[in-house]
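> One-letter residues, chain by chain:
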Amino acid sequence: MTHRQLAPGIVPGRLPAETIACNFADVLAPLDPHEARVAADRCYFCHDAPCITACPTSIDIPLFIRQIATGTPDAAARTIWDQNILGGMCARVCPTETLCEEACVREAAEGKPVEIGRLQRFATDGAMAKGHPYTRAPVTGRKVAVVGAGPAGLACAHRLAMLGHDVVVYDQRPKPGGLNEYGIAAYKATDGFAQAEVDWLLAIGGIDLRLGQALGRDFSLADLRATHDAVFLGIGLPGVNALGIPGEGLAGVHDAVDFIAELRQADLSTLPIGRDVVVIGGGMTAVDAAVQSKLLGAENVTLVYRRGRDRMSASGYEQDHAAQAGVKLVFNAVPLQVLGQGRAEAVEFAYAVDGVPGPETFLLKADQVFKAIGQRLVGVPADVARDGAKLAPQPLPGVWAGGDCTGGGEDLTVTAVAQGRDAAHAIHTALMGA
Amino acid sequence: MANLTSDFIGIKSPNPFWLASAPPTDKKYNVERAFQAGWGGVVWKTLGSEGPPIVNVNGPRYGAVWGADRRLLGLNNIELITDRPLEINLREIKEVKRKWRDRALVISLMVPCDEESWKDILTRIEDTEADGVELNFGCPHGMAERGMGSAVGQVPEYIEMVTRWVKKYSRMPCIVKLTPNVTSILPPAIAAHRGGADAVSLINTIKSITNVDLDNFSPFPMIDGQGSHGGYCGPAVKPIALNMVGEIARHSETRGLPISGIGGVTTWRDAAEFLAMGAGNVQVCTAAMTYGFKIVQEMISGLSQYLDDKGMALSDLVGRAVPNFVEWQDLNLNYVTKARIDQDACIKCGRCFAACEDTSHQAIFMHPGRVFEVNDAECVACNLCVDVCPVEDCITMVELPKGTVDPRTGKVVGDYANWTTHPNNPSARAAE
Ligand SMILES: Cc1cc2nc3c(=O)[nH]c(=O)nc-3n(C[C@H](O)[C@H](O)[C@H](O)COP(=O)(O)OP(=O)(O)OC[C@H]3O[C@@H](n4cnc5c(N)ncnc54)[C@H](O)[C@@H]3O)c2cc1C
Ligand SMILES: Cc1cc2nc3c(=O)[nH]c(=O)nc-3n(C[C@H](O)[C@H](O)[C@H](O)COP(=O)(O)O)c2cc1C
Ligand code: SF4
Ligand code: SF4
Ligand code: SF4
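First to last, the protein sequences are chains A and B. The first sequence: position 188 = 188 (this note's numbering), numbered continuously. Here this note's numbering = 1-based position in the second sequence + 434.
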């Protein structure tokens, strides 16, 4: 087996299948009932709790934890879902260390916050197994189009359906879920959780899901506006940024998001990976690409970021997770070119000060290079209202937008859910009057 | 290491920590292990009369109340007195006492309320060489229905009568164990004193139902779908016990009567508090049942460190707080304090704010950035914020010096003055 691990080039099966399966198991095991009780007991039930303020969806955290502590975790799940219908996924993927748990007063007190994320998972996992708890308001006869079945679109669609509207959700991909299905690190959402959660969410009824349908290809925004009472755009950031350096087109150079999307759908034991992998970028995508390369068996994985550690958008926790997985983190270095005969062999970098390259350079061996330097908005008409490079919350009359495709808030699952939910209420108010 | 040697009504023990009459002192096996662990003495599980032994229920006999992290705060039981044959208990008591001469061994007794029964049991225990007897007038369940235990303890005349019998038929030191299931602890204590008791011990358990099974609609512990009240003990009953101990210690008719303090003693600190409140020693049950015999080692090290730190002997501590245990009307109404929040220690949970704003005196400001500050103009010094703050010593009470103006009342803080002379007191005015 060892010689397989050291095979040159981009090959599958660097590690035994069982090792790979083990590497991609649940990164944080679920709490058992006893652990949940103990963890819940630590919550102080704060007044106007800072954790609630820090949660983009404003989940009533002290209330749901008290419901767990008093032996009613299903009620806790309702408290969570009332604010965040994807509370199950958020419990797994939220960078809680920069959100609710960072704000938790017990972080200030002892450096050990209440384990809000894991408690949230405990409550939602248990209640999800019992079916979908919400019912729809009397049907209003209004019809809303939602483009994008990612967190923003799904949260919007669910809330609209709950309020009694009929919803049609369009997505260009073959499966719903957006980056929950195609982006999130595999070890954060194991056992097909993304699809299970979508199925559970759709059980409310009134949501017509149409997959393989692309805005701009199969229909236009004008079509949607003509045939629906309102439109919600939750299309994420489908475009990827290019490095714009020589050698970028060589074989072995990929967009990290494409690699991850493939990984999320693949049989991991047969997914090819390089021996020497270089990841360029400093966000969650870069970290996830690097860590998962390592878990697949790449010998050397180096993550290179153009600025200092403190400027990385991946949290300290994510950075530690990468380092722990064996990823080497290099800061303050900018790629100059990818070198190789027909296919990538190495990347040349210059040491940089605050992203500006200086004279000194170095080479990193690389048979596979992942670019993770950001995504951007594509596929929307030019004449819509914008917020910088992204969409405004209401790009056109009768059209709302939310999630990664809009400005405001961080590009996180939980932010997308909050914006989708809020857009649903804005749409409801516009359609029904305040 | 302070000297913890204790002499309680002539009964000597290496320390003032005794195990109370209960499951931990049920048999030779337990008691020897307790002595090995370091306990100074035991009061053997209550013996009944000669004859077929008592029977216990065969389902659960304990209920509980928990705090955070499932910490046991209160325990309730429906166990009766010993269910082992009298002869076996007597033989074991004798064996243990012979082997452990330096430890205190007291026999707890409960027999029917007639002179013959008491005379008989006292003769039977004569040659065990035990150090004394404790009369169980406390058990509030089961035995009380049969005219024993708290059924006796609730009638001062019976207490006095039985105590006299015991003093008549036995030369052993006699401790009367009191029940808290009375409106005032004083009449029973006075009665014991009159009957010639060498000491009282208190409290026995408090009538209680810890919880109701919400599926079967029965009090718990549930026996085949039904429950009866039990006796409550553990940390939760300590405040009730401390008050009763203090009342006996300070009352003119019982002052000086030795007291063995019982009820929720869990740490050395609890024990020290009972001693300060007038108890000559303490007895422990629930803490041992919760954590095992080993806790006595913390009690020994803790109490001796405390005495060393204070430069006090054990006897100096006993009763030290009694003179300061006064009536409400004696309290100084010119003692004015204000809550102070230590901003560095504050973790900004806002519990003080919620408590004061919703249920006290709206005396805490919540400033931007979750900065909490006490408004002296409203603070009545109730102490609720101190009690709900999760950080110890984060909120403290600061005394306003004499001569300063209390911003709440606009009045200058004056000399000691209590209710008896207060202008709002109708009796005070009448006395003028
Ligand atoms: C690799 C990676 C890892 C991440 N890890 C985390 C994490 O751990 N925690 C976290 O909180 N966030 C994470 N994020 C961010 C998070 O996934 C996003 O913020 C979130 O998914 C945004 O939701 P969305 O609904 O706005 O967009 P998306 O999830 O991108 O969904 C958009 C949907 O719109 C569809 N679509 C796009 N264009 C069209 C079109 N023209 N026609 C029809 N359909 C279209 C897409 O197919 C997609 O299904 C990660 C992102 C990436 C890329
Ligand atoms: C600070 C305080 C003051 C109280 N004052 C009164 C009172 O004036 N009258 C009364 O009937 N009960 C009073 N009580 C008792 C409560 O009404 C209640 O019976 C008792 O606290 C037990 O209930 P709980 O422990 O569930 O709160 C008071 C309780 C507290 C804590
Ligand atoms: S901040 Fe922490 S302790 Fe306070 S309510 Fe939130 S989770 Fe509980
Ligand atoms: S002592 Fe009482 S009144 Fe004063 S701030 Fe605290 S809770 Fe409020
Ligand atoms: S209860 Fe204590 S820690 Fe919490 S805000 Fe008030 S002073 Fe600060």
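These aren't lab readings, by the way, just hints derived from the structure by calculation. Note that the Cβ used here is the ideal one computed from N, Cα and C, for glycine as well. Misleading hints may appear alongside valid ones.
Mimicking SDA-like on lysine to any residue, the simulated pairs with C-alpha atoms at most 20 Å apart in a straight line are [stated by the list, open to error]:
hint : chain 1 : residue 1 : chain 2 : residue 2
1    : B       : K782      : A       : E107
2    : A       : K112      : B       : F799
3    : B       : K782      : A       : R106
4    : B       : K462      : B       : K601
5    : B       : K601      : B       : K728
6    : A       : K143      : A       : H425
7    : B       : K446      : B       : F799
8    : B       : K461      : B       : K601
9    : B       : K782      : A       : Q5
10   : A       : K365      : A       : T98
11   : B       : K782      : B       : F799
12   : A       : K112      : B       : E560
13   : B       : K782      : A       : E18
14   : B       : K782      : A       : K143
15   : B       : K782      : A       : T53
16   : B       : K782      : A       : G71
17   : B       : K782      : A       : S58
18   : A       : K188      : A       : E18
19   : B       : K728      : B       : W534
Going by beta-carbon spacing under 8 Å, a handful of chain A positions derived as facing chain B [said to hold, decoys possible]:
hint : residue
20   : P16
21   : E18
22   : C22
23   : A25
24   : Y44
25   : H47
26   : I52
27   : A54
28   : E102
29   : V105
> Now, for every hint given, state plainly whether the structure supports it.
Going down the list of hints, with the structure as the test:
1. B:K782 x A:E107: holds, 11 Å
2. A:K112 x B:F799: Roughly 27 Å between the alpha carbons, so the hint for K112 of chain A and F799 of chain B is violated.
3. B:K782 x A:R106: Distance ~10 Å between K782 of chain B and R106 of chain A Cα, so the pair holds.
4. B:K462 x B:K601: Judged against 20 Å, a Cα distance of about 27 Å means the pair is violated.
5. B:K601 x B:K728: The given pair, whose Cα atoms are some 36 Å apart, is violated under the 20 Å limit.
6. A:K143 x A:H425: With Cα atoms ~14 Å apart, K143 of chain A and H425 of chain A stay inside 20 Å; holds.
7. B:K446 x B:F799: violated, 57 Å
8. B:K461 x B:K601: Violated, at roughly 26 Å.
9. B:K782 x A:Q5: violated, 52 Å
10. A:K365 x A:T98: violated, 34 Å
11. B:K782 x B:F799: holds, 12 Å
12. A:K112 x B:E560: violated, 61 Å
13. B:K782 x A:E18: The given pair, whose Cα atoms are some 47 Å apart, is violated under the 20 Å limit.
14. B:K782 x A:K143: Cα-Cα ~46 Å, so violated.
15. B:K782 x A:T53: Holds - the C-alpha atoms of T53 of chain A and K782 of chain B are around 13 Å apart, at most 20 Å.
16. B:K782 x A:G71: violated, 27 Å
17. B:K782 x A:S58: holds, 18 Å
18. A:K188 x A:E18: Holds, at roughly 18 Å.
19. B:K728 x B:W534: holds, 18 Å
20. P16: This interface hint is violated because 42 Å lies over the 8 Å limit.
21. E18: Result: violated, 38 Å to nearest chain B Cβ.
22. C22: Constraint on C22 of chain A not satisfied, violated at 33 Å.
23. A25: violated, 29 Å
24. Y44: Because about 5 Å separates Y44 of chain A from the closest Cβ in chain B, which is inside the 8 Å limit, the hint holds.
25. H47: For H47 of chain A, the interface hint holds, since the closest Cβ of chain B sits about 3 Å away, which is under 8 Å.
26. I52: Violated. Min distance 11 Å.
27. A54: Violated: closest Cβ of chain B sits about 12 Å from A54 of chain A, beyond 8 Å.
28. E102: violated, 13 Å
29. V105: Given a least distance of 4 Å, the restraint on V105 of chain A holds.
Checked against the numbered hints given earlier, this structure breaks hints 2, 4, 5, 7, 8, 9, 10, 12, 13, 14, 16, 20, 21, 22, 23, 26, 27, 28; the rest are met.
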